[in-house]
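J.: Each chain, written out:
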Amino acid sequence: MPKLIIDGKEHEFPSGITLIQACALAGIEIPRFCFHERLSIAGNCRMCLVEVAGMPKPVASCAMSVNDLRPSLDGTPPTIFTGSETVKKAREGVLEFLLINHPLDCPICDQGGECDLQDQTMAYGFDAGRFQDNKRAVDDKYLGPLIDTYMTRCIHCTRCVRFMTEVAGVEELGAIGRGEDMEITTYLERGLLSNLSGNVVDLCPVGALTSKPYAFLARPWELTKTPSIDAMDALGSAIRVDARGREVMRILPRVNDAINEEWISDKTRHVWDGLRTQRLDRPYVRRNGRLVSASWDEAFAAIAERLKGLDGSRFGAIAGDLAAAEEMFALKFLTETLGSPNIDCRQDGAKLDPAQGRATYLFNSTIAGIDQADAFLLVGTDPRLEAPVLNARILKRSRHAHGNIPIGVIGAEADLTYGYDYLGAGPETLAEIVNGSHSFLPKLEAAERPMLILGQGALTRTDGAAILALAAKAAIAIGAMKPALSWNGFNVLHSAAARAAGLDLGLVPAKGGLDVEAMLDAASSGTLAVVYLLGADEIDTDRLGSAFVIYQGSHGDSGAHRADVILPGAAYTEKTGTYVNTEGRPQMTARATFPPGEAREDWKIVRALSEVLGTTLPFDTMQELRAKMFADHPHLALLDAIVPADAATIEHLASRPSKPGKGRFEPAIADFYLTNPIARASAIMANLSALHASHNDRATGTDG
Amino acid sequence: MSVRRLATHQPEGFAFTPANLEWANAQIKKSPDGRQASAVLPILWRAQEQVGGWLPEPALRYVADMLGLAYIRIYEIATFYTMFNLAPVGRHYVQVCGTTPCWLRGADEIKDTCRRLIGAPGQVTEDGLFSWTEVECLGACVNAPVVQIDKDYYEDLVPKSLERILKELKAGRPVVPGPQDGRQASAPLGGPITLTDPELYREEAGAPADPPKPGALKQAPRTSRRPKPR
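Chain order of the listed sequences is G and X. Position 29 of the first sequence, counting from 1, maps to 29 under our numbering, and the rest follow consecutively. Position 45 of the second sequence, counting from 1, maps to 749 under our numbering, and the rest follow consecutively.
Chain X extracted, bound-state conformation (with noise of 0.2 Å):
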């Protein structure tokens, strides 16, 4: 983590679209009255989600005037919580986690394809798709190491399956989030090693159940949830 400043070019101004200006003033309408600044968090996001990613200086000043709150503690907020972007990101904003599990898994040859095809951390690509940033533990240990891309994860990476993903996004093909090597969700790679004995699943009067065959349960492929422009 490194020092944090608001990007040196900064838009004019900032304002909500009327859809989320109606859904920030349903947010404050949770808290009580006087506690209209407990609904900070959520409007600075969707500040952050309208604008693209990243929260403008004016974007700031905007929501501490709707929430009655000095611009300074808007400020130690953003700069706080690390999710806010105070710079611009690529319309794909890949987040690399760096964490033990992924970094003994192998997250220093991802960030490597990273740098080799997107650039430095916090670089936009010239095209304006790609941008990326190390971050720590996204919580899915079991299958490092872990990408987010907006708002998916990719996990059981190898430099090439994310190249491949990089590609296809730059494309604009759907890709499959998930596990990129084949596995079911977080099963062991290959198909189940426990609870195989068909006895298991035998029903108390029924017929024999069959035992689970490697990959019967895979359901079909969700594509990826791009972020809608709101």
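For reference, chain G alone in the conformation it holds in the complex (with noise of 0.2 Å):
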């Protein structure tokens, strides 16, 4: 542990650490613009410099490892000055320097306000530069819909480059030139395609990289800032939802090391548009072949009409993928009530089943616990599109080894911007992984902590329930359950927000009920009369036959097209709801906007309507709503906390018979930009959409 004196106090700080991250643990300030924590270093905007006793210059501090210091003469530890007049010259040399060639545009540049050039030049910097002559200047770049250039303000950190070659994993951006002509571009201006570009506005310290979909919309201190939680896949990523009076103007990452570390998908940032666009504001009744608009008295009187002396069991629920736990949970109640065992969250079919246990469908490891995993095993799963975040976090984990990780895939042979094995296409592999006759299960069974990620590309097939419990006896075969380690590496990958919520919450057909397949076929035949749809759009619309279908939603999509009755419901940056990852990790949003026009909270709507069908929910508020699910499900009163699951529930299911049929995996999301109603009312992610497959179709097949 070396010893350091800095700025006259002596502080002993883990090895391997830069001076940089030792004077933030000694809570000392050093001002950067190329330094990341979570990229590599570059050391080349110098603006770290601090001073070290005995050495004849300024040191960059984030190149500077704590243990490659020399202790003084006498035997003190190294001495490190922050605040002295070298190290407030240097700054000073070093700010004049960036601004010879940054153009003083800052009033209309959309970085004014969050800058680090800014707020660090007002901070640091001289009153005034002393160049004369003319300024570079710079053409700007094409990357791609997302990417605003301006790149006379870039000063070269390459933070941008360092994260898509590093993080996103794609070498897409480069530095070209040299010097002060130095340019950071694509190869010839193709623009960025990885997933999680956006990130780089963020990374970019001055206005170079901006966001062009938010390009002149505000300025950040209009904003109103409400930290959130993600609802595009089933990560639960920690957003920040900035909203100007009625309106998401745009949505940018938190920092939570246990999900996301500080990085967001495009599909996530840039999804805001799609709240505008395409939304339910009032109630809808269809009337003679036609949806008239009507008030909300009409919409529950009509549904009532319908419902009245209607058997339950011709009542089904179906429950979408943004839902939140307090509206399925309601939805839950009111199905029960009508007496109606037919209520299903897994609208792509997915044969998991909350009575074989909580293990049986959440990603034990945790997100995090890939940091520690030695081996994976990808079972019919895209990572890269299902949840990009996570797949950035495999990637950090192969790189921390020089690739010396084994990573086998099963299924569809995808671009994941790591080097893998491919083993096979469809069940047969998993089973020979299981009956040990696979060449590559001795890599698996080398690692300490091997983890088996289970996509719902395998789940949703007829023979779903026998892949999963294939699946769970290959994680045995594979040493992923290792209790001594309490190591769990029995993963299922959701796609849907929703999802874990719906299992955690049971919402699953009870006994004799029906799951979303055989709902449809039952509206199809007529046997069922009456479909609620929370939410629900990635279920076929055409084949709920003659049913009576309520609607219950944010967005005009397939569901409200097909509706007898729609119910205008809250987006998710509407209504505080909790949602539960993929980890089992339940986190609740925040409200950043009010719902649109007189549409309402979800859970309100179906307490309303349990009113007027005389069946009242026995819950007034989001208090007594929340105080009667955590009784049921305690678990999900522990806010940002995992209560690991049974692991023993995995051998139990192991131990079920299990004969899949044969087959590849197919890939569980066809159009990553495309998944659910607000991102297809979205403009932004319609063009990224139409951009991917323009450039599928001259894919070379080396750019990924």
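Hints in this document: simulated from the structure, not taken from any laboratory. There is no bait here: all hints are sound.
Partial list, computed: chain X residues near chain G (C-beta under 10 Å):
(1) I776
(2) I778
(3) Y779
(4) E780
(5) F784
Restraint-style ranges between C-beta atoms, simulated for each label pair:
(6) E872/X x D133/G: 40 to 46 Å
(7) E872/X x G93/G: 50 to 56 Å
(8) R178/G x G810/X: 26 to 32 Å
(9) G843/X x R178/G: 18 to 24 Å
(10) C841/X x M122/G: 38 to 44 Å
Predicted, not measured: the structure shown is a model, and the values here were computed from it. Quick reminder that beta carbons are idealized off the backbone N, C-alpha and C, glycines included.
Two chains, two separate frames, one set of hints: put the complex together.
T.: Here it is as structure tokens:
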């Protein structure tokens, strides 16, 4: 543990950190542009210079390890000054040099107000530059539909280049030229194609890379910033929703080391324009084949009339991918009160069953556990599309081990940004792992903490239940279940934000009830008379037959088009709702804006409807609902915490006989940018989807 | 130096000749496994020689694919090193040193001569024979001013001697590289002025040796080594 004297005080630091981190631990802020804790060290901005006693020149603190300093001649620990005259002059000099070529266009720059260069010039800069000549000008580059470039403002910190290479895992960005002519660009300006590319906008310390969809829409100080949780995938990434008045203007990541570190996918970041369009802002009732706007009373009356005297078994409810736990709990309550066993939250038909135990449908190793894992077996999943941030974490693990971690893939042969061994396409290969005949098995067995990640692509098939059991056998075969190390390497990667909560709450058919597939069949044949869709748009609405369809949701998507009554609900940024991520971690969103028009928070709609139906649910406020929900499902009350699921259930699952069919695992997600109603309403997502479709047509196979 | 861009007009494709391909593969084998990209500079240089002094865009992709590098990485390398030309050059590529010693000894006039006889820097003459550019120190300051034409240095230039060299090259006649004012290598003009004492050259017990006479050490003039098309 090296000791240092920083500004006269002696501290002890862990080995291997750099001076800039040591100063941070000692509570001293060092200004920086190029240094970023999650990226490699570049040391090219020189803003973090500090004075080290005995060294002739100031030292870049981001690139100097605490272990590399010699003690003074008299044996005292190395002495560092961060506030001396030398340091002050060094910072002023560096800023003067940086500003030589940086335009002073802050009033028309989107970064204004949240610009590192602006802030640090105010804090550490000199009052005026002495440079009298012309400034350099740089051509703007095309980096795709998400990133606006003003390359004259670039200070060459290379954070964006390092991010794309190291975290996003695609070598798309680079620095061409040299010296003052260095320019950040892609090869022949083809635009960035990674679905994590939006993060370079956050990383850019100046206004060189700004958000194109957000260009000139708002100033940071006008925005109300609401910390919340993302619902675009099942990770529950920490986000900050910036709203002005009634509109969400942008979505930024928050730091949460347990889940998303500080990255979010482009879908999470740019879906906000979909929150404004295609909104259901008043109830509708179908009259004479046409949907006409109605009042809440009229809508509820229409439902009450249809449900009057209806046998409970002819009613079914399907919860969608964006629903929060509260409304699902209320919907389940309502369905049970109506006497119906037909309820399901698994729109995609995944054969997961909460009755088999929580561990059988959760990402048990946790996302942070990826950092400890030393072998991976991906089954029927393309994490790059299903959870891009999680994929970046696997890449990080692989990079830290210099690619020496065995990663096996069974399923589609996709570009995951890291190297892997392709084992096979379907259950046959998984069976070979189980019976010990596969040549890749020894590599997995040799690992101390192997992870098996099972995607929805393997579970939505008709033989999904058998594959789930087979995967449990495989997890045991590769040694992923190590209770001694409290390591549970059996992981189900969900792709829907609502799924884990839905399974926790038991939104699966009760005894004799129908699942989604059976409900659609029953609706086609007419045995199911009323279907309640809680934001469920991922089903084949043509198969709803002549059933009376109640659609409750935020967006006019396929479900609403088919509906007989539309109840306008709130999107995930407009309500406080509990979401359980794929790890089983309950987190709560916060309301950033109000739902538009007459739309209401979803649990309230279910509660109000129950009153009209004469089966009033026993809660009048959110607090009462949550109290009831937490009483039934105590783990949901432990926000942000994971209650480890009982690993013994995996062994129980593995003991079930399983005879899966044949055929390759199909990808769970066809189009990353259009997976839910909000994304489908977003023009930005549509653009990205089209861009990727056109690029895939002429893909060369080398650039992902 | 200025911003470097790929040329507007690019050939359709690029591929190494079999001989060059074999050479390139040998270069790759010099590096340990997983470090094949270390061979990027010699291979790019060979590609530039094959094309005739510049790197077309298809060649960048060809070399990148060969070494398993991302295209952007090759692009970075090709734009970083100014000895990689990104646009066509003349058959004789004149690189004029403009750094301080040459500048003090008249590099400006040499550049004026190039401008007069060849055109603007970077521009290829209509017959495709010449193009020129200013480069940083060529490392022959003692013979300033210096230009490099293809692979040879022409030293101690004045506008007239450069004009003569360019004329000879244009006519396809051989030119003598090295100092153009009659001096021997970097020895003083007009012969040695130090170490001229004959005593220095007397052998211990032998007869006195003659002191060197001006021009006595002059070797037979070399003719220029023209780059052979590969």
